[in-house]
Structure formats: C-alpha cells, structure tokens
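**Student:** Residues in the sequence shown are numbered consecutively from 739, following the numbering used here.
Hints in this document: simulated from the structure, not taken from any laboratory. It is possible that some hints are incorrect.
Quick list of simulated restraints, FRET-style, between CB atoms [stated by the list, open to error]:
#, residue 1, residue 2, range
1, Asp869, Arg901, 41 to 47 Å
2, Ala813, Leu757, 25 to 31 Å
3, Val805, Leu888, 35 to 41 Å
Ideal Cβ positions, reconstructed from N, Cα and C, are used throughout, including at glycine.
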Amino acid sequence: MIKDLLFYLLSATAIVSVLAMFFQKDPVKAAISMFVTLFTTGLIYMLLGLRFLGAIQIIIYSGAIMVLFVVALTALSSFPPALSSKMDFKIPALKNLLTAPVPLALALVLTALLFGPDVQWRSPFAVSLGDLTRSIFIKHAFQFEALSLLLFIAVVAAYVFARRTNER
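All chains, please: the whole structure from these sequences, using the hints.
**Tutor:** Structure (structure tokens):
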C-alpha cells in the first residue's frame with residue numbers, strides 16, 4: 739500500500755519536474771528541474787527493487803552530470819544567477835509546496851526500504867554487478883562508446899553555441 743503511494747508520488751513529481759524543465763526560460767532552473775527528474779527516477783528504481791541501478795542513477799546522473807551542467811551553464815553563459823535570495827514566486831507557499839515532495843519521498847522510500855515488512859533484499863530479477871559490467875562493456879561496448887562520443891559532441895556543441903551567443 740505505502741509502496742504504491744510512494745510510486746505514484748514519485749511518478750507525479752518526476753512528471754511535474756519534466757514539464758517544468760521544458761517550460762523554464764532560465765537554463766539553470768531547467769537544469770535543477772532535470773536534477774529532480776533524474777533523482778526521482780533513481781528513487782523509483784530503488785522502490786522497484788533495483789537498488790544498484792537506482793544508486794547509479796542518483797550518484798552519476800543526479801550528482802556528477804547535473805553538477806557539470808550547472809557549472810557549465812553558469813560559466814559559459816551570461817545569465818544572472820538563478821538561485822538568488824530574491825525568489826520571484828507570487829505565492830510564497832507555492833515554493834514550499836513544489837519543493838516538499840522530493841525530500842518527503844526520499845524519507846518515505848528509505849523508511850519503507852529499511853523498515854518495511856515485505857522488503858526483499860534480492861529481487862527475483864536482480865542482476866549482479868559482474869553481469870551488468872559484462873553487459874555494458876562487452877555485449878554493448880559499441881553502444882556504450884557511441885553514447886560517450888555523442889555526449890562529448892553535445893558538450894562541445896554547447897560550448898561553441900554559448901561562445902557564439904556571447905560574441906553577438
């Protein structure tokens with residue numbers, strides 16, 4: 739029962755943050771919305787019993803890549819800092835209402851995972867770290883390298899685009 743509610747809460751939070759990411763005019767706020775999306779996706783993975791995949795999602799995507807995005811956006815662009823002390827919310831309670839679900843969902847997921855009566859520490863479709871590593875680096879090595887190259891090209895293109903925009 740509680741896992742179903744958590745799943746729907748996290749799913750709704752992810753959907754709202756994806757929509758916020760697409761409709762934001764400030765790229766830093768869009769990156770923060772993307773962080774919330776990636777973080778809640780990791781929590782959904784953990785809730786479904788895929789703890790390793792959820793941890794990788796949170797650590798690599800939500801942590802490292804989003805920090806890279808925010809640093810690149812603030813370093814390469816001439817945008818004013820989005821996280822200033824003056825927030826432009828018309829209704830102050832709206833800010834709290836929009837930001838409260840993520841830490842609440844994290845606390846509930848961790849509580850359900852640690853103290854829930856029906857916790858299975860190894861799901862029936864669990865994959866070992868060795869199997870995952872072999873799958874990524876041996877079976878799907880070409881796709882992994884192509885994705886790495888695509889991400890590198892995207893970073894270089896973003897840098898070139900930001901330089902051209904600043905020169906105008």
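**Student:** Hints broken by the structure, by number, lowest first?
**Tutor:** Hint check: 3 fails alone, others pass.
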